Amino acid sequence: MSLRVSMRAFSLSSRVCARSGSKFSFGDLSKVKLRAPIIPTHKNFDVSPDHPLWAFFPEGNNTETALRSGDELDMNSREWTFAELRRKSFEDLHKLWYLTLKERNILAREVRLAESLRYSRTQQHDALDEKLVTVQKRIKQVLLERQVAHERVQTFTQQQQQYLTEFEERYLNASEHEIVSFNEKLVRLQYAFFGIEPQLQDYDLEDINIKFVEGLSFVANLKVKRYLKQNPAQEQEFELPLNGVVEELPFLLRNVTEAIEEVKALRQSGESVKLDKIDVFPFLRSALSNAIEQEELDQ
Amino acid sequence: MNKRYTLPTFETAQLPVVPAATRKNNYERGIAPGDLVYITEGEKKGTVTSVFHYNPSNDAVLVANVTEKRITPKTTWVENQNSHYVDYPSYLPMSKVKLAGKDKDDEGKVSYVVADEIVLKDKYYDDRYKRWLPKRFVKHHSSIEIPWPNPPSAFEDDALSTQEPTVFEKTYELQTIAKAPVPKAALNQLRNPYSKHKKRVLSELQARRLNSPEMPLSVEQKIYLAKQASKPKKTYTNLSEEIKDFIGDKMAQHINSIDNPAMLAHLEALSRAKVPDFEKTIQNIEDESK
Numbered sequence: 001m002s003l004r005v006s007m008r009a010f011s012l013s014s015r016v017c018a019r020s021g022s023k024f025s026f027g028d029l030s031k032v033k034l035r036a037p038i039i040p041t042h043k044n045f046d047v048s049p050d051h052p053l054w055a056f057f058p059e060g061n062n063t064e065t066a067l068r069s070g071d072e073l074d075m076n077s078r079e080w081t082f083a084e085l086r087r088k089s090f091e092d093l094h095k096l097w098y099l100t101l102k103e104r105n106i107l108a109r110e111v112r113l114a115e116s117l118r119y120s121r122t123q124q125h126d127a128l129d130e131k132l133v134t135v136q137k138r139i140k141q142v143l144l145e146r147q148v149a150h151e152r153v154q155t156f157t158q159q160q161q162q163y164l165t166e167f168e169e170r171y172l173n174a175s176e177h178e179i180v181s182f183n184e185k186l187v188r189l190q191y192a193f194f195g196i197e198p199q200l201q202d203y204d205l206e207d208i209n210i211k212f213v214e215g216l217s218f219v220a221n222l223k224v225k226r227y228l229k230q231n232p233a234q235e236q237e238f239e240l241p242l243n244g245v246v247e248e249l250p251f252l253l254r255n256v257t258e259a260i261e262e263v264k265a266l267r268q269s270g271e272s273v274k275l276d277k278i279d280v281f282p283f284l285r286s287a288l289s290n291a292i293e294q295e296e297l298d299q
Numbered sequence: 001m002n003k004r005y006t007l008p009t010f011e012t013a014q015l016p017v018v019p020a021a022t023r024k025n026n027y028e029r030g031i032a033p034g035d036l037v038y039i040t041e042g043e044k045k046g047t048v049t050s051v052f053h054y055n056p057s058n059d060a061v062l063v064a065n066v067t068e069k070r071i072t073p074k075t076t077w078v079e080n081q082n083s084h085y086v087d088y089p090s091y092l093p094m095s096k097v098k099l100a101g102k103d104k105d106d107e108g109k110v111s112y113v114v115a116d117e118i119v120l121k122d123k124y125y126d127d128r129y130k131r132w133l134p135k136r137f138v139k140h141h142s143s144i145e146i147p148w149p150n151p152p153s154a155f156e157d158d159a160l161s162t163q164e165p166t167v168f169e170k171t172y173e174l175q176t177i178a179k180a181p182v183p184k185a186a187l188n189q190l191r192n193p194y195s196k197h198k199k200r201v202l203s204e205l206q207a208r209r210l211n212s213p214e215m216p217l218s219v220e221q222k223i224y225l226a227k228q229a230s231k232p233k234k235t236y237t238n239l240s241e242e243i244k245d246f247i248g249d250k251m252a253q254h255i256n257s258i259d260n261p262a263m264l265a266h267l268e269a270l271s272r273a274k275v276p277d278f279e280k281t282i283q284n285i286e287d288e289s290k
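In order, the protein sequence lines correspond to chains A and B. Following full-length UniProt numbering, the numbering of the first sequence begins with 1 at its first residue and continues without gaps. Following full-length UniProt numbering, the numbering of the second sequence begins with 1 at its first residue and continues without gaps.
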């Protein structure tokens, strides 16, 4: 849109007045007092220093000029490379995207202003904008790379299962002095494969999904098997398999012996029930939020 | 019009413009300000000079000591200029220069290596340029490297630069495959859900393009097809036991009369060969009997 298009027409109200035929008169002109004319200048406007449109200026409300010349622009900085962007988290990339966008908006406003002033030396602005566009394209590319890798790995179910089976075997056969490092490994594995955070307070209760339930089942069964292998005497007393998430959850929250006792108590009191599928997530959410509250109270 | 007969004007050099898609920056082109080049054509042919600037849109370089006489409008005059007619630095297309390397031996004798062509490979991080740069080698001489020159001025942080430690700080590491790296809401910004390539339905035009049109039949073809249609359909029936015995007898009679062992071996091999038409007929018979 050119500036000339937006030239002001007669105000609507004056035209309406003229059309309605109301007799408008100045009255006694001799009594009208002449005042000094008000010169049209931007100084007559008061703009709030935190007006959001200041974001379209390079220095915000401290900006001196509306249109920077080519040498005032930053022509020395280079674009972010793929390698640099790949090291950054989603949050960082998100921030960087908007910083880039803001800078592009500033440039676009300046180029637009230059166009309306018939000032044609904006090649530098375009060159800088091209660099910023490259950064934005690279950010998108890096995020897509990650997403595609994530989606592909979901199809590798066979390999995942194979690794889990191998891990189970090694865990069950681990000697007494190895088990500490294996337990640490298990904590990493349950996050890597099933997204179960190592710290209780990091849990996102809204984000509990089928993977979490699978992971819970894997971890609980692994620990029980190990325990029963170490204490064959218990094998008669403690029957397998575990009866769904109600019996599996204690193994995630407590150590094995305590969990076994808890499960036994549950079984005796008849509270150990196999939940319907629809009840699994609500149960986990309430049980975990209770556990998190309890932990906060203990600290 | 012949240039010789035109009056001097404020014209600018008309170098061919490189299309934007094939344009390369100076690092991709393997040239940087401060490089030495050997001029192969023109007035200064055979001299080695240094590069001031590379222009990607014309694929040309501005080098020291190569100027042309030009008339400059008064608005572009510089200090101490008192004539319209001045020496003006002129661009040399890259086809007229070759990259040169300077070498000093132990006795301090300077010699130059001129690369007919260069190859760029093995990227490394150049701290002077603050970026990854490829190494430059003379083509077919992978032992002769022409190092990048020192940049004319040190690269310093500018208004839009990010501090080096912030850039190198690692804030992402793949820890889990269970959680998506990109929030679901952001995914539609990365991929176009309405992309025409994701549509499962073809438009009529696309369908027509994919399928060849049906050829109209000639009169003769129509007559032939009508004749074929009027014929009774061919039916396949298995041979009766009587006929099978008859054929078997005939063949046994014939084979028993052969003495030549080579001929017998030949017939044996022949009987094992698979005849596609025969198999097809047998298949047809089986289908019919079902």
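Bear in mind the hints are in silico, worked out from the structure with no lab data behind them. This structure is a prediction, so every number in the text was calculated from the model and none was measured. Some hints could be false.
[As the list claims (entries may be wrong)] Under the rule of at most 20 angstroms between Cα atoms (straight-line distance), these lysine-lysine pairs were calculated in the PhoX-like manner: (1) Lys-185/A - Lys-96/B; (2) Lys-179/B - Lys-211/A; (3) Lys-130/B - Lys-131/A; (4) Lys-24/B - Lys-95/A; (5) Lys-140/A - Lys-130/B; (6) Lys-131/A - Lys-170/B; (7) Lys-24/B - Lys-137/A; (8) Lys-95/A - Lys-170/B; (9) Lys-184/B - Lys-211/A; (10) Lys-179/B - Lys-140/A; (11) Lys-140/A - Lys-45/B.
[Unchecked claim] Heads up, incomplete: computed chain B residues facing chain A, CB under 7 angstroms, no partners named: (12) Pro-152; (13) Asp-158; (14) Val-167; (15) Thr-176; (16) Pro-181; (17) Leu-190.
Cβ coordinates follow ideal geometry from the N, Cα and C atoms, glycine included.
* Asked: Which earlier hints can't be squared with this structure?
  -> 1, 4, 5, 6, 11 and 12
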